[in-house]
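Just need the whole structure built from these sequences, with the hints factored in.
Chains as they are written, first to last, in the numbering used here: chain P, 3 to 679; chain A, 3 to 679; chain H, 3 to 679.
Check each hint, because a few of them may be wrong.
Copies of the same chain are indistinguishable here, so a pair counts whether it falls within one copy or spans any two.
As the list claims (entries may be wrong) - Below, a list of computed lysine to aspartate or glutamate pairs in the EDC-like style, where the Cα atoms sit at most 16 Å apart: (1) Lys108 / Glu161; (2) Lys267 / Asp451; (3) Lys37 / Glu642.
Worth flagging that the hints you see were computed from the coordinates, not collected in a lab.
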Amino acid sequence: MISRKLPKVWYGGDYNPEQWDDPAVWEEDIRMFKKAGIDIVTLNVFSWALNQPNEDIYRFTNLDAHINRLYEQGIYTCLATSTAAHPAWMAKKYPDVRRVDFYGRKRTFGGRHNSCPNSPTYREYSEKMADKLGERYKEHPAVLIWHVSNEYGGYCYCENCTNGFQRWLQKKYGSLEKLNQTWNTRFWGHTFYEWDEIVVPNALSEEGEGNVSAFQGISLDYRIFQSESLLECYKLEHNALKKHTPDIPVTTNLMGTYPELDYFKWGKEMDVISWDSYPGIDTPVSLTAMTHDLMRGLKDGQPFMLMEQTPSQQNWQPYNALKRPGVMRLWSYQAMAHGADTIMFFQLRRSIGACEKFHGAVIEHVGHEHTRVFRETADLGKELQQLSDVFIDSRTEAKVAIVYDWENRWAIELSSGPSGSLDYVKEVHKYYAALYELNIPVDIVSTEDDLSKYDLVIAPVLYMVKKDYHQKLESFVEKGGTFITTFFSGIVDEHDLVTLGGYPGKLRKLLGIWVEEIDALDPSHFNQIVMKEKWGRLEGQFDCNLLFDIIHTEGADIIAEYGSEFYQGLPVVTANNYGNGKAIYVGSSGEQAFINGLIENLCQEKEITSLLVTPSGVEVTERSKEGRAVLFVLNHNDIETSFEVKEEFVDLLTGSEISGTVQLREQGVMLLEKINK
Amino acid sequence: MISRKLPKVWYGGDYNPEQWDDPAVWEEDIRMFKKAGIDIVTLNVFSWALNQPNEDIYRFTNLDAHINRLYEQGIYTCLATSTAAHPAWMAKKYPDVRRVDFYGRKRTFGGRHNSCPNSPTYREYSEKMADKLGERYKEHPAVLIWHVSNEYGGYCYCENCTNGFQRWLQKKYGSLEKLNQTWNTRFWGHTFYEWDEIVVPNALSEEGEGNVSAFQGISLDYRIFQSESLLECYKLEHNALKKHTPDIPVTTNLMGTYPELDYFKWGKEMDVISWDSYPGIDTPVSLTAMTHDLMRGLKDGQPFMLMEQTPSQQNWQPYNALKRPGVMRLWSYQAMAHGADTIMFFQLRRSIGACEKFHGAVIEHVGHEHTRVFRETADLGKELQQLSDVFIDSRTEAKVAIVYDWENRWAIELSSGPSGSLDYVKEVHKYYAALYELNIPVDIVSTEDDLSKYDLVIAPVLYMVKKDYHQKLESFVEKGGTFITTFFSGIVDEHDLVTLGGYPGKLRKLLGIWVEEIDALDPSHFNQIVMKEKWGRLEGQFDCNLLFDIIHTEGADIIAEYGSEFYQGLPVVTANNYGNGKAIYVGSSGEQAFINGLIENLCQEKEITSLLVTPSGVEVTERSKEGRAVLFVLNHNDIETSFEVKEEFVDLLTGSEISGTVQLREQGVMLLEKINK
Amino acid sequence: MISRKLPKVWYGGDYNPEQWDDPAVWEEDIRMFKKAGIDIVTLNVFSWALNQPNEDIYRFTNLDAHINRLYEQGIYTCLATSTAAHPAWMAKKYPDVRRVDFYGRKRTFGGRHNSCPNSPTYREYSEKMADKLGERYKEHPAVLIWHVSNEYGGYCYCENCTNGFQRWLQKKYGSLEKLNQTWNTRFWGHTFYEWDEIVVPNALSEEGEGNVSAFQGISLDYRIFQSESLLECYKLEHNALKKHTPDIPVTTNLMGTYPELDYFKWGKEMDVISWDSYPGIDTPVSLTAMTHDLMRGLKDGQPFMLMEQTPSQQNWQPYNALKRPGVMRLWSYQAMAHGADTIMFFQLRRSIGACEKFHGAVIEHVGHEHTRVFRETADLGKELQQLSDVFIDSRTEAKVAIVYDWENRWAIELSSGPSGSLDYVKEVHKYYAALYELNIPVDIVSTEDDLSKYDLVIAPVLYMVKKDYHQKLESFVEKGGTFITTFFSGIVDEHDLVTLGGYPGKLRKLLGIWVEEIDALDPSHFNQIVMKEKWGRLEGQFDCNLLFDIIHTEGADIIAEYGSEFYQGLPVVTANNYGNGKAIYVGSSGEQAFINGLIENLCQEKEITSLLVTPSGVEVTERSKEGRAVLFVLNHNDIETSFEVKEEFVDLLTGSEISGTVQLREQGVMLLEKINK
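Here you go:
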């Protein structure tokens, strides 16, 4: 649900300049906003201290003025609740709002995202602020959407969190007997006899830096608990706002594959997903694409908001390269190509001081519009205004799903052994990249999502198989689906307890294999995936590394074998016919060329075809609604590229008709709609 | 003293499965233990919390059952006292049991090896637990040996430790005047006027990470104090057990070259040495051999127990490679070859949860015996059962001793300058490796051990010469022995105070040299050891690096000179005739080929001969008793290898007669006994 | 003002041996001092605890004896106040003397430079100690100079510092409104309503390791505050001493480019600058030269003292190389060449224990004079005694100034973006090195110094332009001067607030350019400086990296353009005629060859000539007074080198006449005075 007062892609960004009180500045800024086609401005993100100078006083006259000035010029507001950084007076008077860090140190005052999520003071005053804002602006026609807090994240380890964790555990497990069993506390003599013997897992107890833990069960539960604690803070504000404005959507800005929060749970509580996309100069474009798809997947394919991107430069990377000419436009369309109906910037004007003053902005420190960055922003703004609303609210139809799961990720990261170099996101991305290269649409789904609409489901490193998730997978394959999973899957249940009886545990039947041992070597050491026979593009051998499952087939066919080590000749890739479908197991981390070939073959088998065949670097996605479909064609290459189309299209950006051989300039974009003759 | 109820190598391991209460599991496990030839099982290592739910209640019914079940099936128990991890209730009720870490942070609850060694509560309750166990099981015929706590280690910096340290210092020094002088507190104005002005050296006072200290004397004393504090904890339990069972040996599992404890002092208090051997995939086999010899040296050559090794995989390395086929057997025999009469595993069954669930076990998560790991374990078990007891309780006869000293190591590590890359264990290993390559037996000895039975004594980097240790060395050489030491030797006394009057201090007379200066360069920078004349295999020049002593001979002969730098042409290796023997000084860290040649020459001079001449990678040791000797021949190569024997032997593993050219397969082992015709 | 009782270069060092009370030692040591030509000895540096055993007792009998013994043998004393390490009794009784570290941890007792500068106890007792010493030794003829504390440094974050900081801010800003505005606290919601809401910026509030800060304004102010707090401690002692001995100069030993203290402010309060020079084996000799010039610049060109250098080895480097033969003499003359009238060592005798026992000394652990190090020290001592006082109190005449500014450096280091690899000292050194190579004298000046006597002023990375400093630069250029600055200049004011309206802010008019964007890339990525036309040695193209300003000229001439990236062909180096002078802007970090050529060209234009043309590695400086000038010629090469002189000189070291082709041996030194015929 994105409030649709604007029949176009929303275009705008965050505005928090220090000179805002100066009419000469805001008049000029608004003039430039309009010139840039900006129709929505995020206000009030970090204004808690400004709007509430003490416990009793709330003063919104400034905010009133800001909203009104913009609205008078036709610009809407994305109104933030300002609770992502507590006021200094609150930190002084109510120490419970201040976090205790991973090392057990009570924070003083500073930074942002600094409030303990289990602080009674924080909860009371943040909810109250949301309530005050809801009440004050519920009738204001400028307010299109609520923006709660900002980039939630960071864990706390204070006494309130400790008590909260104990209560949460009591509710989850019911009895200490159950908890002791689930955490396997007999190991290293940790049996608990009273709830208050349980302490939070940090550097003073069970954990070390880099996700090292002595008790995975405790650490996993603490991640779930903290993610939920922060979500409860969100919900308090969300509900306070909905009370006043049931029809105005509420969101908070997420951060892609941010490790600390289980965004699938968050998505359920948000009216619309919004997120902040900050790729570095070396981030693969396919990883950005995957992250957009993940964000779209949080709410079942609903369009999302690109709440933040930089017009050009970031400030917190080691080296903050400018976005090259055309790249900001290209990446904006990439967001839309994957489901965004909103393009917003952090920030509209560079700040004059403090740590983000070198972060890019639509209006740079020079203060006028005669800059490359402004011109590119304004060009895009105009383009978006002229663009028909053909893809607004439209959906992506995918026959392929990739399973992504935060609890699985946490458990993998917490695992002590077998390999310290296993990176969940990287392994997921390998499979995504293969589909990306083929221009085949993908949904990223949680383990709770329905799989019946897909032909191919991929769950890389499905280490944790929760409850009866294997049955969902079995049922999917039984009905004809193709399933792929990899090494280090099926090992544990939802509590990180090993499924005894042979790896890959609950997946063993579906995959028709038994993994006897898992070898782990320095990633610079490679084995080989040797194809038993040529299969499509796959022939000969491919490198693999990281982990090496020693596999015995139990019904599965052998697709490839290891090329060296003492398990040379044993299976490394297998396929098991199961019901009407089949289940593939990839027992080591294959090089990208292997994954690409495998995915291509399996898609061919399932008749899942490319939206368009293009050279490498030219990305194609599709969004459709009500029978109309738009192809987004994006040239990420630094050179002009050409490709063939077999039908006739119109490019919605230029109105040109397109057929046969198409030229697309470097960083170029086309929005193609088929011409029905 | 190993209790010898079993007339064979003890074979077994640690057993602590969570499913132990399930008859279906333990019946099956015991069946498999017997199938694997396992006759001893370690129980109760981390069961303190389980057995003592609060201050007053002790309940051992479970433990009774476990011991009995095993014993009924003919399996003995190595009974642990369980005190290596205090219960959560104790951590809550008695904060003094919790350590304060190096950064001054009070720990909460978690991990293991977590008790303050100077905590009155910990001392009281750990001793009491040992007492309770001693009393309960004193008559039980299953109990072969007591296993106190587990892998003692880790320092504490709490108030009790501070007070304990002050008292310990008072006892050691008698007066503050003596202490001030010994620590040289005038330097940086640290003169103490009251004992309670002294604080523990940690990150809040004198030390930084990586053994950095502003006052070496304080830091050295604290290491001695903490090692002794932990040893006192051991002794409390040891004595409590001996009170009940004077005839059952008591041990605790040590950790090889573990830096924090002075194991030579520990060895004196233990009835038998046991240790946990965890080489990584890249650990040189000669380093494992050296560590076994060190452990054997802790109790004057008595056989020791291999208390822990993994059947295959570890879990806490960055990359946990499987032990390749045959390697577990090979390394088990390597332990026996160096003095082990016991081969035990951590662990017998993989745990279902927490941080060691990916550590290898005899019974893997699959739960049955049809695995490579089980087969290899069972094959070895059967072999050990069939092996005659010919080498049980036997000794190693060595004419060469290497001096190893923890206080010396501490002082070297704490030294500020000249080089941050000096690694004591690495330098010791260089000399060990030369003897290993020659199949010449070595004893690792402390500075307290008698040297009279040796022909060659090597003390690499003997930085600290305690009290009159130089006199022992002088006497050894005077009587005809050959002594070798290296750069950075003879510098300080037992308090890390420099011996004034010229390096190498107390060793100057013996070595016949004066070291005027010590150059230190980045280890990537090499000088050359240029031989004055050909000597055996040594001719031409060899690389050296790290430290470069600028030497003037005072009676010594020059064996080699530097090849470059401003000290080119000055001596780098010297030999001094002293009495009937000679003393060699190696003034820089030579490459291995030089050390090998040097050792070979000196052994030839002393007529110390190889047990057998074999190709590289084939290790040979000998154990003997009552006139019978067994040669252990171990092929660490990945290919079959051959060598010549000049006499006739029988291979005790196969019964075959061996003579002439012998073939030994990759990872192969022979136990050869000479045939007396 | 250096007290001139000695009509020669002072020669001596720090003496703090533990055996000092032993007549056999001190008699022997003094004999050797005299043999080495030593005439000044630093005493009492770390003797606080020794001289003051408790609050009430001061005992200086030992110190009396030491001073007297030396003085009787003709050796003067540099008398330290001993306050760089508080006594243990004080740390115990008055916890406020102990610092709280960056992580918020209260220190216990240990190390040195360990007192909180805002501790009332420390201030009281350190001032009192200075007073006691001043009173006691005011008439003593041995005391040449006072040495306050030692190597001031290190920040504290305790409650007294917090309160002190709040008061300091109140004084600086007058109102919270002004402070909020200056720190831009609206950003991230930090508005302060009470002074005591402000906390110190550390790891518990705004900062992270490596100069990371969320609020640059707070962090910058804290650095200024702590530098001033420590300076106040110095001043308390300084004034206490001056009260007794107005004519004896007072100093403290500085540390070159030490980052934490604003030495230009310190210089104002000191009677004479002294500093400790510890180059590593790889430190460029030009960087040492630059640091000497910086120290000379702190007090407007007055001669300074080399208070500490090592005779040979250091102890705290990772690898502590010996100073090669001749190097100590060469570097001593280098110090004199740049303005030192004093050559002193740390230390005169090696300590027997604690962390500096492996630091070099004139008298090594061997205890006698028959060492290379002693010989070199004694040779230099004799040379200095025989040298006429021709250059004592003389000055360096420079036409070139380089601007160096600590607040600018702090602001650059604190900056979040654009590049994490920007190193202020390194960029300054690039320009210094170009002048060094040309044997052109340079003054290092602060932003407060007068520029009118210079022809060329260089201000690399003048990120912060304080108040109206741009006007001083404009006036300098207007009158005919040449000014050079670089990328990332003119960005902020003295509060680190951006100067709006276009980079380089206040320098835009002077430079005649507008910088639209600043690209930042990994330093391994290079662009090119492409010369528009040949200019002296500059032709073709040169590499540049780090930051890349995208420049538009506004009146300036283009000297060079970028060779690649999307700003290829845009200006990278510009020159703007302004009044009678010109202002050069270098928009990226050029390779050294480019900087060398640029400086050479600009010097030629201004007729600034080399003192002497020599091969690379042969350094030439000049000191002059009363019409007499001495050229210092230093051969830093490891080989003999020759060069031409066009006039006739006498070498003051040898008395030889020099003309035509001159040979100078490796590490050789000449002091040339022109022969006026």
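For each hint, the structure was consulted:
When the C-alpha separation of Lys108 and Glu161 is checked against a cutoff of 16 Å, the pair qualifies both within a copy, at 10 Å, and between copies, at 15 Å. Proximity of Lys267 to Asp451 under the C-alpha cut-off of 16 Å is restricted to the intra-copy arrangement: shortest distance 12 Å within a copy versus 62 Å between copies. In the homo-oligomer, the alpha carbons of Lys37 and Glu642 never lie at most 16 Å apart, since the shortest distance is 30 Å inside one protomer and 70 Å across protomers.
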